[in-house]
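Take the sequences, apply the hints, and build the full model.
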Amino acid sequence: MSNHNIIDSNIIAIANGLHNTASLECMNNSILFLKQIEERVMSNNDVFLIYDTSFVILKEYFNHCGKGTEKRLGTAFYKWIHRNINNPNKFILHKLPVDIDDNNDLLPPCFHRFDRNDRKYLSLALNFKEFRPSLHYGIDRGYPNHGDCFEDENIELSKLC
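First residue of the sequence shown? That's 5 in my numbering, and the numbers climb one at a time after it.
There's no promise every hint is true.
[Claimed, not checked] Derived lysine-lysine pairs resembling DSS-like cross-links, with alpha carbons at most 27 Å apart:
1. K39 with K75
2. K94 with K75
3. K133 with K94
4. K71 with K39
5. K133 with K71
It is worth saying that the hints were derived from the structure and are not from the lab.
Note that this is a predicted model, so its numbers are computed, not measured.
Put into structure tokens, the structure is as follows:
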């Protein structure tokens, strides 16, 4: 796992039990991952979470933290981020291009067919590729379908399920 980390919102949904195709093992993997990454970020000064300055990703997290998830780990993780995101020793905030979902000119050609809904994570990873960031996700076919592209761009994919 890299010291620079980007976390897809599907991990929050899975940890909160909201992903209907996730197995119990997948849910447990997601919960364990969130606990471990929080602990790693808090105990190491060289481990960071990367988010966007417009909080598009955090809004997605919030959408997976609705009624009935108040005591679940995905929601607890979201609240922890919300409390700590202004700490520059733990979080890196980067501005996303406004048209990242629709503008292939902003991406290497290998990613032109990459899922538009996940391009925000890709954009952050590309902007920090000199650090070989880890892009963590739960259940998703799009990431592994572009595995060679991620490797070519020095981005580590971390599949939890």
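Against the structure, the hints:
1. K39 with K75: OK: K39 and K75 at ~14 Å, within 27 Å.
2. K94 with K75: Satisfied, since the Cα-Cα distance of roughly 24 Å is no more than 27 Å.
3. K133 with K94: Since the Cα atoms of K133 and K94 sit roughly 18 Å apart, the hinted pair holds (cutoff 27 Å).
4. K71 with K39: holds, 22 Å
5. K133 with K71: It is violated: about 37 Å lies between the C-alpha atoms, which goes past 27 Å.
The structure does not agree with numbered hint 5 stated previously, though it agrees with all others.
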